[in-house]
Structures are given as structure tokens and as C-alpha cells.
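Asks: If you want the building blocks of each chain, they are given just below.
2 protein chains.
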Amino acid sequence: MRISERIDATMAAAIKAGQGGVAPAKLAAALEYAVTPGGARIRPTILTSVAMACGDDRPELTNAAAVALEVIHCASLVHDDLPCFDDADLRRGKPALHRAYSEPLAVLAGDSLIIMGFQILARAAGDAPARALNLIDILGTRTGMPFGICAGQGWESEENIDLSAYHQAKTGALFIAATQMGAVAAGQEAEPWEELGARIGEAFQVADDLRDALCDEDTLGKPAGQDDLHGRPNAVASYGVAGAVKRFDDILGGAISSIPACPGEAALAQMVRAYADKLVPAGARGRSTVPGE
Amino acid sequence: MRISERIDATMAAAIKAGQGGVAPAKLAAALEYAVTPGGARIRPTILTSVAMACGDDRPELTNAAAVALEVIHCASLVHDDLPCFDDADLRRGKPALHRAYSEPLAVLAGDSLIIMGFQILARAAGDAPARALNLIDILGTRTGMPFGICAGQGWESEENIDLSAYHQAKTGALFIAATQMGAVAAGQEAEPWEELGARIGEAFQVADDLRDALCDEDTLGKPAGQDDLHGRPNAVASYGVAGAVKRFDDILGGAISSIPACPGEAALAQMVRAYADKLVPAGARGRSTVPGE
Numbered sequence: 001m002r003i004s005e006r007i008d009a010t011m012a013a014a015i016k017a018g019q020g021g022v023a024p025a026k027l028a029a030a031l032e033y034a035v036t037p038g039g040a041r042i043r044p045t046i047l048t049s050v051a052m053a054c055g056d057d058r059p060e061l062t063n064a065a066a067v068a069l070e071v072i073h074c075a076s077l078v079h080d081d082l083p084c085f086d087d088a089d090l091r092r093g094k095p096a097l098h099r100a101y102s103e104p105l106a107v108l109a110g111d112s113l114i115i116m117g118f119q120i121l122a123r124a125a126g127d128a129p130a131r132a133l134n135l136i137d138i139l140g141t142r143t144g145m146p147f148g149i150c151a152g153q154g155w156e157s158e159e160n161i162d163l164s165a166y167h168q169a170k171t172g173a174l175f176i177a178a179t180q181m182g183a184v185a186a187g188q189e190a191e192p193w194e195e196l197g198a199r200i201g202e203a204f205q206v207a208d209d210l211r212d213a214l215c216d217e218d219t220l221g222k223p224a225g226q227d228d229l230h231g232r233p234n235a236v237a238s239y240g241v242a243g244a245v246k247r248f249d250d251i252l253g254g255a256i257s258s259i260p261a262c263p264g265e266a267a268l269a270q271m272v273r274a275y276a277d278k279l280v281p282a283g284a285r286g287r288s289t290v291p292g293e
Numbered sequence: 001m002r003i004s005e006r007i008d009a010t011m012a013a014a015i016k017a018g019q020g021g022v023a024p025a026k027l028a029a030a031l032e033y034a035v036t037p038g039g040a041r042i043r044p045t046i047l048t049s050v051a052m053a054c055g056d057d058r059p060e061l062t063n064a065a066a067v068a069l070e071v072i073h074c075a076s077l078v079h080d081d082l083p084c085f086d087d088a089d090l091r092r093g094k095p096a097l098h099r100a101y102s103e104p105l106a107v108l109a110g111d112s113l114i115i116m117g118f119q120i121l122a123r124a125a126g127d128a129p130a131r132a133l134n135l136i137d138i139l140g141t142r143t144g145m146p147f148g149i150c151a152g153q154g155w156e157s158e159e160n161i162d163l164s165a166y167h168q169a170k171t172g173a174l175f176i177a178a179t180q181m182g183a184v185a186a187g188q189e190a191e192p193w194e195e196l197g198a199r200i201g202e203a204f205q206v207a208d209d210l211r212d213a214l215c216d217e218d219t220l221g222k223p224a225g226q227d228d229l230h231g232r233p234n235a236v237a238s239y240g241v242a243g244a245v246k247r248f249d250d251i252l253g254g255a256i257s258s259i260p261a262c263p264g265e266a267a268l269a270q271m272v273r274a275y276a277d278k279l280v281p282a283g284a285r286g287r288s289t290v291p292g293e
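Chains as they are written, first to last, in the UniProt record's numbering: chain S, 1 to 293; chain Z, 1 to 293.
Among these hints, one or two may not hold up.
Remember, identical chains collapse to one label, so a pair may be satisfied in a single copy or spanning two.
The calculated SDA-like cross-link candidates involving lysine to any residue, where the alpha carbons are at most 25 Å apart (straight line), are [claimed, not checked]:
no., residue 1, residue 2
1, Lys26, Asp137
2, Lys222, Pro104
3, Lys16, Glu156
4, Lys246, Asn134
5, Lys26, Gly55
6, Lys278, Asp228
7, Lys26, Ala284
8, Lys26, Asp87
9, Lys26, Ile161
10, Lys94, Cys84
11, Lys94, Pro104
In short, the hints are calculated from the structure, not lab data.
Sequences and hints are given; from them, build the entire structure.
Replies: Shown next as C-alpha cells:
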């Protein structure tokens, strides 16, 4: 089965379980709305790829870990789009959840998806309870306080931002979760896989900055030029397009050389590079090298 | 150590861990704000009492379960107070979190506390991983979709409310979690403890209706008369004060007789009764029996 099919099947089962038989219908529908269309499913794909590179001897636990991570990522998008944060109209090319349903249902859908992520892991433990508990702990660390995406978003309410902690928590955390959880689902230690996740996260941030600066709303499925608008740090503003592309390539090289020794090391390196190529917007590599354009 | 001391010490350690060393300061402070003052800590007290009645052979796991349940309860209060839900000014006698900090920090504090609840349990597993995983599953079931407090709140967005499902999820769910998690933390089965939790939840709802109808804002620490204001179902409106008190006593009697056989059965029954007496507002038992007053 292809990775995307594994993720889609597990996601569909998880959402169906969350919708139950007697659930309030709008919130049940909102759960599905929040996780579709799936887009690239980049975090669960990385997680599954790492697990496969490590032998993937408990594929059901890997699938559960991948979907647990993705539903919490989707929850964070729903909450980030709320009027009190980005007040976004669009997400993945359709109305943001609070616009399509309501603000109360957006808060509740996010909360429900966070809870679902942890419950999926507890239920998938099978004969590997220690792995499942470790996965839950990692997922908590990389999503909550003080190191996870909640902390990352929390930094935006501070007058003095610790930029390194901010970026690590805001973008890096879920990629670290992806590589570490992939390894742990397959019975490996988490720690050696942190650097790969952190570097993929950095590369992803630069690619996101390039897309925010170069793509239009139709391509992004959400408003473009938001960093500029909100005065947020952006690699294109700092280094220019060509400088940002070079930075992306450097970080990616570091990411690949950080992959720990494992049976599927070569295939994993190839997958990371192939995925990364899709992240950089078409045209960015052919553009002027003048910084600050 | 008294139950309240066990809960307070475990809560303080959990919040400190969530605040970390590099966390954004306002969100870190908001976590503590959300869980203090503790008030009655009724759910973790019931949980711990049930565990003690069952032998409490893993007290650290019991403490973790109690605090996991309480932090998610506190998270639900923070989110329920948001402008898009109750838009509450006051909670536990001080400004609601979104008023004291901000709406973004209230959303994030709630999210962080939900995550913290699950992480506390994963970290406290020790030599009882199966118990910890079962506790995480129960906590997810009673907080998320389709049966938990998120579902309960979600019913309020429906045109046609399934009243039984609504009350069970909105108020009953966390009491069922309390009794079941207490039993599981001490190595017992969850299922026989569901009825006790459900009945305590019903009794609590009636007592809450009495307080909403009879107490003033200073006593409640939050606005009074809210059910009347929002047209929500209320036992006092349906049965009058004396009728509601009788209903409370009947439900409580059923709760106590549902306690499964266990070493500390008598002490648990006494504790439930003593706690319940505190829930009914002073004066309710001495009032007119005319319904609908």
C-alpha cells in the first residue's frame, strides 16, 4: 500500500470513530471538514517514511502515529485561522472552518481533534505499550507547552520574542515530532532523529517564505503576502529570492547528512530530496539574484 | 497526605513542567491562572476517593489521573468563557482568562492544558503501562467526540438537541471519567464504575441549577441567573426549588447504591454524601415547596 493510502485509510477510520452514532451533526461534519482536502500530508508522510526506513515492524502503530500528528496539525490550523489570530477567510482553497461553520464549532473542532490525536495512539498500542506511551509523550512535547506549537503561537503575544525558540516551536516542532515518532513507532530511539526533523522544519519555513512572497492566492489556497502584511520575519525579505533558495539548499543538505544509520537510509534521503523539490515554488530558481527585490 | 494535598502538589508540578525554562511568559502565566484558585476540585477528589476505595496501589498514577482530568476540566472552562461561547467576564471570582490576558492566549492556554492532560498520564505510566493507556483512552472518550464534553458543547450548535446525549456529554462525561479513571488507576475495570459517575453528574447538574437560581454572583464567583437568561433547561424552572432538592436526593441515593463492591465501599459512600451536602446551596432545603416560584 502506498504511504498516502495508508494515511487516508487511517484518517478516514479515525474521523468516523469521532463522529460516532449520536454525535452533534455539525461538529461531526466539522471534524471531517478540518482534515480535508488533505493536501500534501507532509508531516505524516515524513513520519511514515522514517518508520519504513527503520523497518516499520508495527505498521498499525505507524499509521496511528501519522494520523495522530496530522489531526493535531489540522487542529492548529483551525485555531490559527480564528478571528482572534489570523482571522483567515480561506484555508486549502475553501472557506476557513469558522467561516463555513461558526466560531464556536471551530474552537470545538480543534479541541476534539487534539483529543483524538492522543486517543488514536492509546488505542493503537497493541503489544507495544511502551512505544505508544513514548509516542504520546513526544506528541505532547511537540504540540503543547513549553516547546510545542502552542508555545510557538504563544510567542506571538510577547513583546520580546526569543526568535530561535519561536521558530523551533512554531514550525520545527511538528517536523521533529514526525521524524521522532516515525522512529519510535518502529522501535528505535527518538533522540538521534531530532536533528533531521529540526532541519526539515527550517527548510520548510524558508520554502513557505518563498511561496508567501512569490505565489498568488489561487496557488496557495490562502491569502498571499501575509508575512509582509503582518511584519513577520521572512527569509525572502532578509536574503532575497536567490539567497533564500541557496539557504533552502544548504539546510536540506544538512538535513540529509543528519539521517541516522538505518536499513532504509538511502531511500529516505531520496524521499526527503524529492519532497523538498516540490516545496520550492516554480520560478524561484530561475529568478534574479539581486537581494531585497 | 490528604487528598487535596496530593492534588495540589501534583498540579503544581505539572504546571511548572508546562512553563519550562524558555516558554513564552504570558502563556506560561496563563496556564497557572487557568487552574487557580482550585475551588472544590470535585472531579479529581472523586477520582482519588474511588482509587483509594479500590486500594490505590499506584498512588502516583492516581495523582496523575486526577490532575490530568482537572487540567482538561479547567481548559474547558477557559474555552467555554470565550466571547464566541458564554462571553463570561468572571470565573471563580476573578476575571475570565481571556479578559485577564487576551483571547489568543485563552485559546492557547486551553489547548496547552488539554495536551498537558494526556502527557501527564503518559509520563506517569511507570510499571503499569496498560493502566496508563486505558486512562488516556477513557480521558479521550469523556472529553472529545462523540461522547465527551466537546460533544456536549457541540450540541448547543444544533437546532434539534438530543437532551439525554447533551446532558450526559456536557456534565456527566467528566464525572464518569472521574469514577472510571479512579478505578483503572488502582487496577480495576472501568465499566462497573460508569453508573456512579453518571449519577453523580446528574446530581451535580441539579445542584448547579439550584445554585444558578438561588445564589448571587459573589457566592458563585460567576454571573448568576444565566440559565434563565439563555433559556437553558434548569431543574428549578421545571420542578421548583423543593422539587429540585428532592430530585437531587433521589439521584444521590441511586448513586450511592450503585457503588461497586470494593474494600473502601463504606468510606466512599460517606465521602460522596458529605461532598453532595456541600453542593446544595444553604437555604434550598428550608424554602417553600411551591413549584415554579
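Asks: Would you mind marking each hint as holding or not holding in the structure?
Replies: Comparing the hints with the structure gives:
1. Lys26 / Asp137: between (31 Å within a copy, 24 Å between copies)
2. Lys222 / Pro104: both (22 Å within a copy, 21 Å between copies)
3. Lys16 / Glu156: between (35 Å within a copy, 21 Å between copies)
4. Lys246 / Asn134: Neither: 36 Å inside a copy, 49 Å across copies.
5. Lys26 / Gly55: neither (41 Å within a copy, 43 Å between copies)
6. Lys278 / Asp228: within (23 Å within a copy, 57 Å between copies)
7. Lys26 / Ala284: Neither: 42 Å inside a copy, 39 Å across copies.
8. Lys26 / Asp87: The answer is both: 21 Å in one copy and 21 Å across copies each meet 25 Å.
9. Lys26 / Ile161: between (38 Å within a copy, 12 Å between copies)
10. Lys94 / Cys84: both (20 Å within a copy, 22 Å between copies)
11. Lys94 / Pro104: Cα proximity of Lys94 and Pro104: in one copy and across copies (19 Å, 23 Å).
In this structure, the hints that do not hold are numbers 4, 5, 7, in rising order.
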